[in-house]
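Visitor: Given next are the chains, with one letter for each unit.
There are 2 protein chains.
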Amino acid sequence: MLAYLQHEEDMIMKKYSEMSREELLTLKEELEKQFAEIKAQGLSLDMSRGKPSIDQLNLSMGMMDVLKSTDDLRCETGVDCRNYGVLDGIPEAKRLLGEMSEVDPDKIIIYGNSSLNVMFDTLARCMGTGVMGMEAWAKQGGIKFLCPVPGYDRHFKMTEYFGIEMINIPMSEDGPDMDMVEEYVKDPKVKGIWCVPKYSNPQGYTYSDATVKRFAALKPAAKDFRIFWDNAYSIHHLYDDNQDFLLEILDECEKAGNPDLVYKFTSTSKVSFPGSGIAAVAASKANLEDFKTSMVCQTIGHDKLNQLRHVRFFKDLNGLHEHMRKHAEILRPKFEMVLNVLDQELSGLGIGEWTKPHGGYFIAFDSLEGCAKAIVAKAKEAGVVMTGAGATYPYGKDPKDSNIRIAPSFPTVEDLAAAAKVFVVCVKLVSVEKLLAE
Amino acid sequence: MLAYLQHEEDMIMKKYSEMSREELLTLKEELEKQFAEIKAQGLSLDMSRGKPSIDQLNLSMGMMDVLKSTDDLRCETGVDCRNYGVLDGIPEAKRLLGEMSEVDPDKIIIYGNSSLNVMFDTLARCMGTGVMGMEAWAKQGGIKFLCPVPGYDRHFKMTEYFGIEMINIPMSEDGPDMDMVEEYVKDPKVKGIWCVPKYSNPQGYTYSDATVKRFAALKPAAKDFRIFWDNAYSIHHLYDDNQDFLLEILDECEKAGNPDLVYKFTSTSKVSFPGSGIAAVAASKANLEDFKTSMVCQTIGHDKLNQLRHVRFFKDLNGLHEHMRKHAEILRPKFEMVLNVLDQELSGLGIGEWTKPHGGYFIAFDSLEGCAKAIVAKAKEAGVVMTGAGATYPYGKDPKDSNIRIAPSFPTVEDLAAAAKVFVVCVKLVSVEKLLAE
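From first to last, the protein sequence lines stand for chains A and B.
The first sequence begins at 1 in the working numbering and counts up one residue at a time.
The second sequence begins at 1 in the working numbering and counts up one residue at a time.
Chain A on its own, in the form it takes in the complex (with noise of 0.2 Å):
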């Protein structure tokens, strides 16, 4: 399967754009050979998921043991966490969720499953009947949402669900370009802006201080303006000796005067039991009553014993992160792989960059322009499913049809070696299909 890789010696050096047409055309021919062979393989392989394997979900099994009929189920306040009560959580959740999201407790609320249904629950909020007391979003009418791209594309899909107009803001490795959301905020329509700070969706990048700072201190026209930061990689490292960090962005708006910008979500989703997990948000003492006033209505409580579980089986902020440096080491090798594929596969051909991320879910790759679907089609075709193309950009339209997300972490190993040498064809073949047709 790797006798290809000899043929390929000879250009492998050579940049594609400064290639012969009839260098191009050999190439072509080479490609499409090794196209067909893998092919013929009849491949099933999927990078498409940002999920966590079955490996990484054998780490959390002993939680499955750690509420026993014979145990003592009241929270430490001595609510009984079998009945119904306690609206915001259980103290002791709120503590471990509050050092996981580096906040005060006390601006902490714990939810449900998701931090995904957190968010939708918010919007449905703001649009429905308003932020602290402000006049509804859809009563407004016509308001803009700001979304770093290529970002997640269920941010997106709940904001074009409840019919608010997406403006896409390009990132960088620093995080969204501030000059541009700085400038869109000065427009009162605009409401809000999607950020994954840390570990970006898809690109693994985490805003830099700088950024962080200018989020904190921005002032937009729109009183109900706010920030949802989506904290969903907060303690998703690979590395242990290389993490990003990321400054604490309710500290940051305090300092900067501007105490209720943000809302803050996270869950442990891909710490525990993804859709099992518990999820919550954090922000400034006003916001959280404001999210209450529609709780009130919406729940007794949330899931008390799932809250007890969790904090009895991961204790504390060290009980967290022992456990994510065993994620860690199911996943570094799986990124490992992918990113070597790329380099040895693509590297100096200037048909596409991708990212090394030191956290996350994911490694995006931007291919030529006008590539990326035809890429991730072929990819299909040789029975390697990648994420749609588009799908990280607002309505699924990314405007240069290059951003590829690729999701390493629920095939094994071997299968994504297998996966992203399919890859690496497919991004030739149609690189070269483009350039020929220039």
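Worth double-checking, as some hints may not be accurate.
The list cannot tell twin chains apart, which means a pair is met if one copy fits it or any two copies do.
Stated by the list, open to error - Keeping only pairs whose Cα atoms sit at most 27 Å apart, straight-line, the calculated DSSO-like set for lysine-lysine is:
1) K51 x K292
2) K39 x K51
3) K356 x K189
4) K397 x K292
5) K380 x K28
6) K144 x K28
7) K255 x K14
What the hints contain is simulated information worked out from the structure, not anything from laboratory work.
The structure presented is a predicted model; accordingly, all values stated were derived computationally and were not measured.
Following the hints, complete the assembly by docking chain B onto the known chain A.
Guide: Positioned in the frame of chain A, the structure of chain B alone reads:
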């Protein structure tokens, strides 16, 4: 403490309204003495909360051991319940809650930890997005809901939260006044009705077959009218040999040619653990598709491990019924204790009426008009907390100020005996004061 019963013997058969002013004054003096004695005891009792007692919660402790770290945590289709996915619930959970709801599993969506949350989300979707492609209720403006009274305070609270006008519909033993319902639904602004059709909150009434059939045959002017059928107490019987039966509404709606007329809600909140149960909606396929349009943006899926936990613990409908019989054994003596005190102390006095439910969580007491608030305040003064008077009506306003909800589930039988005795003294005293003031 029971001494005062003796004093009253002479008067007990005489209606208060037939007493002379002198008799009432003598009685008042006697009751004030009794009240002072009770108050001096410094009681602290609570008949306000419709929540299971600790003994009831203990019935479900086996659930804590039913998923172990050594178990296979895949559902019957092989999906790993520890990971993302399965938007609408694992098949075996749909079957279990389908059986509980008396509908086909393919008419079920499994939700998170409480049906209250599902109802709120449903209202939010109807308000913000509309029903099955029709104009959003919020855009239509001026919309109204029918509210059988007395009813469940949290239904009314969330309806008020969304700014929906509420219209009282009187309840009888057969259910809501269907003449009124049929009349009101001619108004296209009337979009829904709240029903707790079995062992209703707070009266414990079960809708008659005729009522259910009239619901199913409704021809509302609004095509986006929906019956919100909160079947919260479907299997919550107090007696094995004296159970209420409720016609299955989805089936009746289909037969009547109105398959999309109803949303049916259920949960295991008072079956397993309140707050840590699983909830479901049963509805026509068209309605469920409509639910999924928002669900797919709102969540990747609900807590499948908790779904699995419930299925493995209860197994099937027989398991549920067997479990509910144990609940009944604990609840029955409590209901009977309160009812006995009411019978012994208030029968024939013409100062109150009360329901004698065969299931559910509440007894409804109707005092003389204009007395409920005073009775609840008096009871509080003597250390007995009752549900706030008016809570069972929209906007907290009981037009007759006469309905009081009694919740016998949580206290011990002994505490209930004491609390009920306090309650009847308060009823008597406030009634005498009212009659004297007339």
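Visitor: All hints are to be evaluated individually against the structure, with a verdict given for each.
Guide: Here is how each hint holds up against the structure:
1. For a Cα distance limit of 27 Å, the shortest separation of K51 from K292 across copies, 22 Å, qualifies, whereas the shortest one inside one copy, 31 Å, does not.
2. Only within a single protomer do K39 and K51 lie at most 27 Å apart by alpha-carbon distance; the minimum there is 26 Å, versus 61 Å between protomers.
3. Within a single copy, K356 and K189 get their C-alpha atoms no closer than 36 Å, and across copies no closer than 57 Å, so neither meets the 27 Å cut-off.
4. For the homomeric pair K397 and K292, the shortest alpha-carbon distance between copies (24 Å) is at most 27 Å, but the shortest distance inside one copy (36 Å) is not.
5. Only within a single protomer do K380 and K28 lie at most 27 Å apart by alpha-carbon distance; the minimum there is 19 Å, versus 86 Å between protomers.
6. For the identical chains of this complex, K144 and K28 are neighbours neither inside a copy (45 Å) nor across copies (67 Å), given an alpha-carbon limit of 27 Å.
7. In this homomeric assembly, K255 and K14 never come within 27 Å of each other (Cα to Cα): the closest approach is 52 Å inside a single copy and 73 Å across copies.
Figure legend: structure checked against the earlier numbered hints; hints not met, in rising order: 3, 6 and 7.
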